[in-house]
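Residue numbers (the numbering used here), protein chains in the order written: chain A, 1 to 319; chain B, 1 to 265.
A portion of the hints provided could be inaccurate.
One side of the interface only, derived from the structure: several residues of chain A facing chain B at Cβ under 10 Å [stated by the list, open to error]:
hint, residue
1, PHE28
2, ASP137
3, LYS164
4, VAL171
5, GLY172
6, ARG174
7, ALA175
8, HIS199
9, ARG269
10, VAL271
11, GLY273
12, TYR293
13, LEU312
Derived from the structure by calculation, the hints contain no laboratory data. No residue lacks a Cβ here, since even glycine has one placed at the ideal position from N, Cα and C.
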Amino acid sequence: MADDLERPAEPAHEESEQHLPAPSILPFAFAGGVALILIGLIINWWLAVAGGVLALLFGFAWIRAVTRDVRAAPEPEPAPEPEPVSELAVEEEGPEEPERYPGSVFLELSTLGVGAAIGALVTVPALGFMIAPAFVDQGDEDVDLGPLENFPEQQYVIAQFNSKKGEPLDVGRRAAFIRNNGQLNGVPSFTVISNRCAHVGCPTQPQGLPGDIKQITTDAGPVAITPVASVSGFQCPCHGGAYDAEGNRVAGPPVRALDRYEFMIREGRLVLGTRYSVGKVEGTGANAKIYSYKRFDPGQHVDGPEQILWPLPPYEGGG
Amino acid sequence: MAKTTSKLQQAVMLPVDWLEERSGLVGGIKYFLFRKVPAETNWFHTLGSATLTAFLVQAVTGVILAMYYKPAPAEAYDSIRHITNDLTLGWLVRGMHRWGASVFIILLFLHMGRVFLFGAYKYPRELNWLIGVVLLTMALGEGLTGYLLPWDQTAYWATVVAININANAPIVGPYLGEFLRGGAEIGNDTLARFYSLHMLVIPGGLFALIGLHLYLVVRLGITPPPWTKAAAGYEDVEDGRALRKGLVDPKPRGNGAIAPRGPEA
Numbered sequence: 001m002a003d004d005l006e007r008p009a010e011p012a013h014e015e016s017e018q019h020l021p022a023p024s025i026l027p028f029a030f031a032g033g034v035a036l037i038l039i040g041l042i043i044n045w046w047l048a049v050a051g052g053v054l055a056l057l058f059g060f061a062w063i064r065a066v067t068r069d070v071r072a073a074p075e076p077e078p079a080p081e082p083e084p085v086s087e088l089a090v091e092e093e094g095p096e097e098p099e100r101y102p103g104s105v106f107l108e109l110s111t112l113g114v115g116a117a118i119g120a121l122v123t124v125p126a127l128g129f130m131i132a133p134a135f136v137d138q139g140d141e142d143v144d145l146g147p148l149e150n151f152p153e154q155q156y157v158i159a160q161f162n163s164k165k166g167e168p169l170d171v172g173r174r175a176a177f178i179r180n181n182g183q184l185n186g187v188p189s190f191t192v193i194s195n196r197c198a199h200v201g202c203p204t205q206p207q208g209l210p211g212d213i214k215q216i217t218t219d220a221g222p223v224a225i226t227p228v229a230s231v232s233g234f235q236c237p238c239h240g241g242a243y244d245a246e247g248n249r250v251a252g253p254p255v256r257a258l259d260r261y262e263f264m265i266r267e268g269r270l271v272l273g274t275r276y277s278v279g280k281v282e283g284t285g286a287n288a289k290i291y292s293y294k295r296f297d298p299g300q301h302v303d304g305p306e307q308i309l310w311p312l313p314p315y316e317g318g319g
Numbered sequence: 001m002a003k004t005t006s007k008l009q010q011a012v013m014l015p016v017d018w019l020e021e022r023s024g025l026v027g028g029i030k031y032f033l034f035r036k037v038p039a040e041t042n043w044f045h046t047l048g049s050a051t052l053t054a055f056l057v058q059a060v061t062g063v064i065l066a067m068y069y070k071p072a073p074a075e076a077y078d079s080i081r082h083i084t085n086d087l088t089l090g091w092l093v094r095g096m097h098r099w100g101a102s103v104f105i106i107l108l109f110l111h112m113g114r115v116f117l118f119g120a121y122k123y124p125r126e127l128n129w130l131i132g133v134v135l136l137t138m139a140l141g142e143g144l145t146g147y148l149l150p151w152d153q154t155a156y157w158a159t160v161v162a163i164n165i166n167a168n169a170p171i172v173g174p175y176l177g178e179f180l181r182g183g184a185e186i187g188n189d190t191l192a193r194f195y196s197l198h199m200l201v202i203p204g205g206l207f208a209l210i211g212l213h214l215y216l217v218v219r220l221g222i223t224p225p226p227w228t229k230a231a232a233g234y235e236d237v238e239d240g241r242a243l244r245k246g247l248v249d250p251k252p253r254g255n256g257a258i259a260p261r262g263p264e265a
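Please take these sequences and the hints and turn them into a complete structure.
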C-alpha cells in the first residue's frame, strides 16, 4: 500500500504563510478535454463539443479542488470531527484510517471506473459474440423436395433432406413423413410430420412396410424418398414413445403430438417451410383439425396447464 | 548454514536457497507438505487427492488428445479413429481419457460421501462444501460436453437428448438449449462449441476452483473422523481434564486457525 510510505506532512490545515494545493489528476483531465476540443475542430464537431464538456467539467472540479482549503479556512475548525458516531464505530478499535490526499478518492474512483470501462469494452462484445449468434437468424430455410409425382396419394413417404444449405450432410440431415392427402375443394393437401420425437428429440420411425428408396437432387441438395406402405403410426427407439398415423401421441413419455412442417407448392414441386409444434390433431388427412403452436423444443407442453413453464421460447416463425 | 555441511549439501542447497530467497516457494511447499493433520486420519482422507490425481490425468491426456483431434463435423470421427487405430499409443491415451472420465466422476462422489459422512462440511468448512458442489457440477459438464466429441451416432443422439433435457428447464430452459446448440438445431457450431467448453471454459473454471478448494483445505485443516475424541470435542485429553463439550457446543475442528464462536471465546 502506498499509504505505508513516508510522505510529506500535509500542509492543508496548517494556517501557514504558504499555501500548497493538494496533488491532483484533474489538470490532466482538463488538458485532455482541451486536447479533445482541438482534435475535434479538425475531425468532427461533436468530438469538439464532447471535449468542451469534459474541459468545463474537469476545469470546474480542478478549481474546486484547488480552492477547497481557502474556502474551508474561515469556517470554524472542528467541523469535520464531531460527527454523530454510531455505536458500531465506537466498539471497533481497528487500525486508524490513514490520512488521505484530497484527490485520492477521485484517483481511486477514476482508476476503478477506467478499469471497468476497459473491461466492459473487451468483455461485452466477446460475450455478445458467444451468445448472440445462437439466437439470430435461426429461421428455417425453405427446402425443395422435388416434383409432386414422387408423393403418391394416401401413402406416407419418408423424405430425408438437408435442412440447411452449407452444412455437412450428416449434420443438417432431417427427415419428414409426408402423405399426399389428395385435394380438398380443389386445394392440394399434405400431411408433413417431422420425425423428431416430442419427448427428447430422437428420430421416430414409421410402422409400415418400406419400399425402394429413390434419390433425387434439388436446390436443397440430395433428397431421399422412401415410400412406406400401410403406416399404422410412428415409434421412437429411444424411450418407447408411440404415435398414431396423424402424429398424435398414443403411448410413452412424449408430451404432445409430433411437430409438423408448413408446406408450399411451387411450380409443381413440394417445398417445406417452417416447423411448428402441434398439441393434438382431430380428424385425419385433409379434414384434420390441427392444434398448432409456435415451435417448441421436444418435451415442452404446448397446451394444458404445464405450458406456463415455457412462456417465451426464443424461436422464430411458427404457426 | 551449519559448519558441518558438506560440499555436496552446499551444492544441493545453493540453488534451493537461491530460489527460496527470491520467491519463498520452498518454504511454501514445505508448509503445504508438512502441515499438521489430525492423528486419526485414514485412507478415506485420500479420496480428495485421488480425485485431484484423476483430474490431472484427464487434463494431461486431454491436452495430448487435442494435438490430434479435429473438432469439425467432417473430420471429428475420422480423427478419433486415427488416434485409436493408427497413432502409436493413441489407443492408450484415448483409453485413459475415456475411462479416466468415469474414474474422475466416481472418485468425486466417493470424496463427497466421505466429507458428508465425516461431517467435514460443517462450520467452518461450509464454503468448501459449496465450492465442491460447483466442482461436481462442472465435472458433470465436462462429461456432457466430452461425450459429443467422438461424433458417432451414440454421441450425436445422446447429446440431442441431453440438450433437450436442459431445454426443458422452466422459463430459461429454451434459451439454455439454444445457447448449448449454438442455434435452433444441432449443427456445425454445436461440435466446436462443445469442444471449446470441454477444452477451455470448464477446465479453466475447474483449475481455479480446485486451487481455491485446496487453499481452504490448507487454511482450515483436515477434519478428524467423527469417531475420534478430537471430533467429539474432547480438549486437552492429556491433562485428564477431558471436557466433553463438543456435542452440545461444537468447536471448529482443524488446526485451530479459526477462533471458536460463542461467549467463551
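Okay, the hints, checked on the actual structure:
no. : hint   : result
1   : PHE28  : violated (37 Å)
2   : ASP137 : holds (9 Å)
3   : LYS164 : holds (7 Å)
4   : VAL171 : holds (5 Å)
5   : GLY172 : holds (7 Å)
6   : ARG174 : holds (8 Å)
7   : ALA175 : violated (13 Å)
8   : HIS199 : holds (8 Å)
9   : ARG269 : violated (23 Å)
10  : VAL271 : violated (19 Å)
11  : GLY273 : violated (14 Å)
12  : TYR293 : violated (13 Å)
13  : LEU312 : holds (7 Å)
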